[in-house]
Amino acid sequence: MSLQVFRHWIPTVKDAFDRTLMVAKFFCSLHVTNTFLCTCALAMGPSMLPTLNLTGSLVLVERLSIRFGKMASGDVVLIRSPEEPRKVVIKRIVGVEGDAVGNEEATAVVPKGHIWIEGDNKHNSRDSRQFGPVPYGLLEGRVFWVMWPPEDFGSVGRKVENISLESAGCQKT
Amino acid sequence: MSLQVFRHWIPTVKDAFDRTLMVAKFFCGLHVTNTFLCTCALAMGPSMLPTLNLTGSLVLVERLSIRFGKMASGEVVLIRSPEEPRKVVIKRIVGVEGDAVGNEEATAVVPKGHIWIEGDNKHNSRDSRQFGPVPYGLLEGRVFWVMWPPEDFGSVGRKVENNSLESSAGCQKT
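Sequence order for the protein chains is L and G.
Okay, so the first sequence: first residue is 1 according to UniProt numbering, each after it adds one.
Okay, so the second sequence: first residue is 1 according to UniProt numbering, each after it adds one.
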């Protein structure tokens, strides 16, 4: 009697299995796309003002430049934090291996296989000025487009954009 | 006339497309397994003697311990080289953040988010003694099993195995 009950369920189970497999295959392809081509990221925090928003910017990150070694000074990158390995941060590359970085007080040469990163908001950013050069192997991707908020929609270039005083609501003195 | 020729090829093209899609789906699944579960690696070089072979050891690498933060001192790990970002090396974790590493001449404390790695073959290994502590984010996997050569087949533990002088190739006991 119990075998008859099971036979009743076979088409449903098979259907459920097929649909689950289809969803799994979709997620496999999505994962491969995210890992090798392009992915999204939500950026929050003050360290990349004015390029990125304080309360959250949705950015597009491409993964090809890293693999082909086409990262250069000025690129805004997604990088795994050398202090908290579970955290991924967004900063700008200010120097690559061999470059001399620093200001009038202190200069340093970036060692082989490393990069020097800094946030665009120099007053509120924890970056290579605190934790030193980071290995190139920590790079995760290059930020090339801002999707949200709409006023920042557009490409992310190699120069820091300067907001004029009038547009930022400051009185010209 | 040309349209008739194309219609003749449609089943073949469809068949080729389906088979290609099947191969692509297989490689997607293989890639996900390699990235999140377990992968193989071929280890070459003298820096991990006697644990790993000089001329090549095939090892199994698991990727779960890193994500769950279960890496501790003594583990043999696959790590991306801080000097050459395209190269992945195998070393042993000798100290984690907060540990004091070093010998009688110099000691150092491993900073937050970093690990101190050294090769088992202290005389011929380029590791943290040369390039300092490396960020935890460079870890790629944990080596837990040696598949080849057959004489090394077995698990890789947290202790360096000591080869007795008799079993080492050609050493005379003095």
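Treat the hints with caution; some may be incorrect.
[Stated by the list, open to error] Output of the computed footprint for chain G on chain L, the stretches with three or more beta carbons under 8 Å from beta carbons of chain G:
#1 28-37
#2 76-82
#3 112-124
#4 136-148
Derived by calculation from the structure, the hints in this document are not laboratory data.
Cβ coordinates follow ideal geometry from the N, Cα and C atoms, glycine included.
We went through each hint and held it up to the structure:
Here's how the segment 28-37 of chain L fares: 5 of its residues keep a CB closer than 8 Å to some CB of chain G, so the rule of at least three is met and the hint holds. For the segment 76-82 of chain L, the stated coverage by chain G holds: 3 residues have a C-beta nearer than 8 Å to a C-beta of that chain, and at least 3 were required. Taking a C-beta to C-beta cut-off of 8 Å, the segment 112-124 of chain L contributes 3 residues in contact with chain G, enough for the three needed, and the coverage statement holds. Closer than 8 Å: that is the beta-carbon criterion, and the segment 136-148 of chain L has 4 residues meeting it against chain G, so the requirement of 3 holds.
Hint compliance for this structure: no hint is broken.
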